[in-house]
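K.L.:
Please build the complex by placing chain B on the supplied structure of chain A, with the hints as guidance.
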Amino acid sequence: MTDMTPGAQPVMRMQSLDKVYPNGTVALKKLSLDVYPGEFVSLLGPSGCGKSTALKIAAGLTGHSAGRVQRPGEDEAKGIRARAGDIGFVFQEPNLMPWLTVFDNVHLPLKLAGVSRAEARADIAAILDTVGLGGFRDSYPRELSGGMKMRVSIARALVTKPKLLLMDEPFAALDEITRNKISQDLLELWQATGSTVIFVTHSVFESVFLSNRIVVMAARPGRIIGEIGVAAPYPRDAAFRVSPDYTAHCRDVSALLTRAMES
Amino acid sequence: MADESLPLPRARTGKLVERPSRLTRALRESGPTVAAGLAVLALWEISVHAFGISKFVLPPPSMIIASMIRDFPYLMHALAFTAGITIAAFAAAVVSGILGGLLLTLHRDVERMLWPYAIALQVTPMVAIAPLVIIWVGLDRVWLGLMILAWLVAFFPMLANTVQGLKSADRGLQDVMSLYQASRWQRFRHLQLPAALPYILTGARISSSLAVIGGVVAEFVAGSGSSTGLAWVIVESGTMLDVPRMFAALFILSIFGLAIWRLTSMVQARLLSRWHESELGGER
Numbered sequence: 007m008t009d010m011t012p013g014a015q016p017v018m019r020m021q022s023l024d025k026v027y028p029n030g031t032v033a034l035k036k037l038s039l040d041v042y043p044g045e046f047v048s049l050l051g052p053s054g055c056g057k058s059t060a061l062k063i064a065a066g067l068t069g070h071s072a073g074r075v076q077r078p079g080e081d082e083a084k085g086i087r088a089r090a091g092d093i094g095f096v097f098q099e100p101n102l103m104p105w106l107t108v109f110d111n112v113h114l115p116l117k118l119a120g121v122s123r124a125e126a127r128a129d130i131a132a133i134l135d136t137v138g139l140g141g142f143r144d145s146y147p148r149e150l151s152g153g154m155k156m157r158v159s160i161a162r163a164l165v166t167k168p169k170l171l172l173m174d175e176p177f178a179a180l181d182e183i184t185r186n187k188i189s190q191d192l193l194e195l196w197q198a199t200g201s202t203v204i205f206v207t208h209s210v211f212e213s214v215f216l217s218n219r220i221v222v223m224a225a226r227p228g229r230i231i232g233e234i235g236v237a238a239p240y241p242r243d244a245a246f247r248v249s250p251d252y253t254a255h256c257r258d259v260s261a262l263l264t265r266a267m268e269s
Numbered sequence: 030m031a032d033e034s035l036p037l038p039r040a041r042t043g044k045l046v047e048r049p050s051r052l053t054r055a056l057r058e059s060g061p062t063v064a065a066g067l068a069v070l071a072l073w074e075i076s077v078h079a080f081g082i083s084k085f086v087l088p089p090p091s092m093i094i095a096s097m098i099r100d101f102p103y104l105m106h107a108l109a110f111t112a113g114i115t116i117a118a119f120a121a122a123v124v125s126g127i128l129g130g131l132l133l134t135l136h137r138d139v140e141r142m143l144w145p146y147a148i149a150l151q152v153t154p155m156v157a158i159a160p161l162v163i164i165w166v167g168l169d170r171v172w173l174g175l176m177i178l179a180w181l182v183a184f185f186p187m188l189a190n191t192v193q194g195l196k197s198a199d200r201g202l203q204d205v206m207s208l209y210q211a212s213r214w215q216r217f218r219h220l221q222l223p224a225a226l227p228y229i230l231t232g233a234r235i236s237s238s239l240a241v242i243g244g245v246v247a248e249f250v251a252g253s254g255s256s257t258g259l260a261w262v263i264v265e266s267g268t269m270l271d272v273p274r275m276f277a278a279l280f281i282l283s284i285f286g287l288a289i290w291r292l293t294s295m296v297q298a299r300l301l302s303r304w305h306e307s308e309l310g311g312e313r
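Sequence lines, in order, name chains A and B.
Here the first sequence stands for residues 7 to 269, numbered as in this note's numbering.
Here the second sequence stands for residues 30 to 313, numbered as in this note's numbering.
Isolated chain A, as found in the complex (with noise of 0.2 Å):
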């Protein structure tokens, strides 16, 4: 699936990255992370230990210390800054605006970019098909389940067809039924799109399940530790979490969670 051959140029890359709040608190001690096209790499690690940070970092809405960022279609050297839409981000709340149907909040980042609604109906009919909302577009967030707002959050970061979809901890407050339910949908999402994620949790089950790498973070400073690879095939269903390989790749990165606690 990783189109990782040698010379491909990273997605997204950053260099000894850190970041200081004025309180003097270390969240990120020189982290550095390049990210291929077509990969799905999760960002494992315990609370507080900048994960989440890091990823507000990649997509520019928080700044760092120090270090350089290299965001998709940006070009520092010629002054280029990443196009909006270039990078979708599906945060740990649904984030939809409640005045809003669920149409209205997919447009919304077209409509940032003006793109009208005429315009912008067959794409959004179509992405809302995809994460299975097709029967809600005139719904409002209110009127939805938990589960069912995340796959409005997906539509609205996937319309704009971004380079790199970040996403922080966006199942965390699922059950447990919804919450595998929603990850394979994303990965036939992500496979049928070919995009490129990054993806924040502190479950590691739910990382081994996703991802083709696992970048497990320490806290204190926050900074990365070890990573890990998970070369089972695509597409992963329920069959896979009951397999010998997922169980191994499980404790492997529990063990390294481990240590990461540790040191």
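Be a bit skeptical, because a hint or two may be false.
In silico SDA-like cross-links for lysine to any residue, where the CA-CA straight-line distance does not exceed 25 Å [unchecked claim]:
| hint | chain 1 | residue 1 | chain 2 | residue 2 |
| --- | --- | --- | --- | --- |
| 1 | A | K117 | B | L135 |
| 2 | B | K196 | A | P147 |
| 3 | B | K196 | A | Y42 |
| 4 | A | K169 | A | A90 |
| 5 | A | K169 | B | Q215 |
Hints are computed from structural coordinates only; laboratory data are not their basis.
P.N.:
Just chain B, lined up with the frame of chain A:
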């Protein structure tokens, strides 16, 4: 006091076999209110006669209604005046409150510069500035003075709620706007303003009833017979010991106030209908 004939509210879980028509629903909603009002009026009427209370102290409702019918044109003329003042002041308060709110949230320094003065305006008793305002506008334009005074009272809740609303946009939603590099205007148009709407509408409801109160109090203060609103009817009828007409004017004033309140509530329900918690009621 418990009235056995009034229907108990039906449990939410109870199945409705048929969706009741608009009329039955309206009756169910306002029925108890009207029944309570009529009961009080009946009790009032009976007590006045039973205890032989003088009509100069407490006239019976029948006499008040008779006065209302007799002086109908006069009272309606007064209502038109008061309603005109109130509605104009309310409209001015809404527009200026929202614009002022925008101005104050433009920049922290603007807020620092102006907010204390807005509060000063609010805490200064309107009655105390009324004579001054009346002098400024001139006795031949008392209506303008009344409007300004009613506006002064109605303005602050509108301003305060708008400011509060514009500042209350959810952090996560702001991140969404940042992610898509929304301009200052887009942020305002697509996030701040809709997020502020429930606050602004609450402000409008408060300020609508304050405009009525402000208009009436201003009229009392202005006095002098140069104004012709309902408050003046009360003053004038009082000096003539026409207590039934005082009550008639009072009733009309209350009904007018209620109508304004109802109207703003309807606008609120209409604008927030599907998305806001406060208007969803038992629909979940």
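K.L.:
Work down the list of hints and note, for each, if the structure agrees.
P.N.:
Hints and how they fare:
The straight-line distance between the Cα atoms of A/K117 and B/L135 is roughly 24 Å, inside the 25 Å bound, and the hint therefore holds. A hinted pair counts as satisfied when its Cα atoms are at most 25 Å apart, and B/K196 with A/P147 qualifies at roughly 22 Å. For the given pair, B/K196 sits about 40 Å from A/Y42 by alpha-carbon distance, which is inconsistent with the 25 Å threshold. Taking the CA atoms of A/K169 and A/A90, the gap is about 11 Å. The hint holds against a cut of 25 Å.
For the proposed pair A/K169 and B/Q215, the alpha carbon gap of about 24 Å is at most 25 Å, so the pair holds.
Of the numbered hints given earlier, the model fails hint 3 alone.
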